[in-house]
Amino acid sequence: MMLSLGLVVWTSILPLAAAQFQCGLPAGELCAYENATSCEATGAPNCTTSGVQKLVNKLAGNETRLTVAYAFYIDNNATLDEFTDYVNASIFTPIDSSTPVCAFRVDGKNVQGASWGLGALLPTHFNGSLIMAAPDVGLSWGVASAGLKYAFATFASNSGHDEPDHVSGWETHNGLIYWSHRALHLSTMTAKAIVKAWYEVETKYSYITGCSGGGRQVLKSIQTYPDDYDGAMAGAPTWWLTHQEFYNNRQTSLGDSTDANSSIPSSLYSVIEEEVIRQCDPQDGLTDLVVSDPQGCLFDAAALACNSTQTSGCLTLPQLKTLHKMYSEWTSFDSDLIYPGAWLGSEGTWDTSFDSDLPLGSWYIKNVLGFKNFTSKDLTYALIEEADSLNPAQGNADNFDLSPFFEKGGKLFHWHGMSDSLVSPGSSVYYHDQAEYIAQRKGINMTDSYLLYLIPGLEHCTGTSYCMEALWCMAGPYQAGNFFNFTPANFVGNYPHESFLALISWVEVGHAPAYMVTSNFENNTDPKTLLHNRKICP
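All the letters of the sequence shown, read from the start, carry residue numbers -19 to -1, 1 to 519 under mature numbering (1 follows the signal peptide of the UniProt record, and there is no 0).
Read the hints as simulated data drawn from the structure, not as lab findings. A hint or two may mislead.
As the list claims (entries may be wrong) - What follows is a list of derived Cβ distance ranges for each label pair:
#, residue 1, residue 2, range
1, Asp315, Thr268, 35 to 45 Å
2, Asp281, Glu366, 30 to 40 Å
3, Asn58, Tyr418, 27 to 37 Å
4, Asp382, Gly294, 12 to 22 Å
5, Leu298, Gly266, 29 to 39 Å
6, His513, Gly351, 45 to 55 Å
Ideal Cβ placement from N, Cα and C applies to all residues, glycine included.
Build the full structure now, drawing on both the sequences and the hints.
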C-alpha cells in the first residue's frame, strides 16, 4: 500500500480514445455473471497511488483537479484486512483470491472549490459493466464490494463530503449542490473514464443502487442525468426532503405531546405492534407472523383501549385519537397531501424513527432549510410551504416525469419495506403513482420500465421486527454489502433471490421480473441459515 504522493492534475474528465469492446454479457446468458472472467485489465497500471495517478493524469482537461489519495492491491485476506482497516469499512464482501482487486480513492476539486470523492474497486477479471453505490454516508465501500462477485467494476461516491450529513459545516452553496446531485454525476463520469482507461473498453452497461438517502440520489440521478445509467435500484428513497423531516417531527410531536393524556409513551409501541399483528396477520390469508397487507387490514384500535379492569398496557381515549392521527395521511387544510401516514406493522421502530433528539431528527430543517430554532412543536403548514419554495439546491427528487430515462431504455427497480417507519412506504407508492400518471399521459407503458416492490415486514432498508417472522431479505448490493459480509450461497447467480440480477436481466436481456423471492433466516440479526422463502410480486 502506498499513501498519496500529492500528485494532482486539472482535468475535465475526458475519456481516452475508444477501444473495441470485446467482453460482457452474451445476449440471453445471464449466468455469465456468476463466473465472469472474460476481460483482463489490459490498460491497468501498477496498483499503487503513483501508478493510479499516472492513469488519472491521462484524463486530460482543465476544469477539475483529481488526486489519488491511496491505492491498495487486494489479493488475500491479509491485504483485504489492511484495506478495510484503513478505510474503516466494517462490512465488505470477501475477495476471491483468484480475482485480485485494485482499490483506490480519487478526490476531485473544481476551480470554484467544490469537492467530491470517488472510491473504486477494479477486479482483474471484468464483465464490461459498472455499478455505482449511491451515497448515503461517505463512501459506501460495503455496497460497492457486493458487485465484485459478478465481476463488475464497482464505485462509490461520497456526495461531496465524508462526514454524516448531520455533522454540520459542509452546507455551503456549492456543498449543497454537490450533495444534491452534482457530486454523483461527476463521480459517474469519472468512473466511466477510469473504466475506459483501465480496461481499454467502453462501459457496456452502467447501474446505480442505493437506499434511504442513497435511494433519493438514485431517483435524482435518473431524473437529472437520464443518460448516466441504464439500470437503477432505489430503496426506501427520501425523495421528498422538504417534507420528510417535518413528517418525522410531526409523528414525534403526536406521540410525545405536552398533553400527557394524549401522548403515547414509547413503552406502549410494542403493545400496539403486537395487537396489529394479532389482528392484521390472519386478514392477509395466512397466519405466519407477517403483516402482508397493512393497507388492506381492518384494524380495530378499540381493542387497545383501557377499561375498568385494565389500566396499564393499554391506551386511553385521547391516546387512541393520537394513534389514529399517526396512521392517517397528513394533509393540509385544503386536503393536499403533505406526507403519507405510518403503515400498520411499522411500530417496531417508532421509538427511533420518531425521536427528535436523534442527530438526524431536524438536521435538514435546521442546517439546510435554515430554520435554526425549529422544534417539533413549531409545525405549521406555512412553514412547510416555505420549505417547498426554498427546496435548497433542488434536493427534492420530485420530478415525476421519467420519460427521458424510459425512452433511452432505462429500467427502474424501486423497493420499499412495508414496515418502514422512518420513510413511510406510502411515499414510494405516491411517487410511483404520480410517475405512472405522467407516463400514461405520454403514451408510455410504465410497467415496461418501472416496477415497485413492497416487501412485507421489511423495515428501513434491512431487517424486520423481533415480533415478526417477515421474509425481508432480497439481497442486492445494498442489503448484501451494507449489513453482512456474505451473500447466502443459493442467492449467488439466482435471479429470483438476487434482486440485482433481476435488474440486470431486465436491462440486458429484456426480461422484466414477474416476481422476486424474499427470504428470512433462523437468526435475522446474524443471517446465515435460511429459514423460509416467498414470492413477492410488484
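Evaluation of the provided hints:
Between Asp315 and Thr268, the C-beta spacing of about 42 Å keeps the proposed range 35 to 45 Å intact. Taken as a hint, the range 30 to 40 Å holds for the pair Asp281 and Glu366, whose Cβ atoms sit roughly 36 Å apart. As the Cβ distance of Asn58 to Tyr418 is approximately 52 Å, the hint placing it in 27 to 37 Å is violated. At roughly 50 Å, the beta-carbon separation of Asp382 and Gly294 lies outside the given 12 to 22 Å, and the hint is violated.
For Leu298 and Gly266, the Cβ-Cβ distance of about 33 Å falls inside the hinted range of 29 to 39 Å, so the restraint holds. Taken as a hint, the range 45 to 55 Å holds for the pair His513 and Gly351, whose Cβ atoms sit roughly 48 Å apart.
Violation of the numbered hints given earlier is confined to hints 3, 4; the remaining hints are satisfied by the structure.
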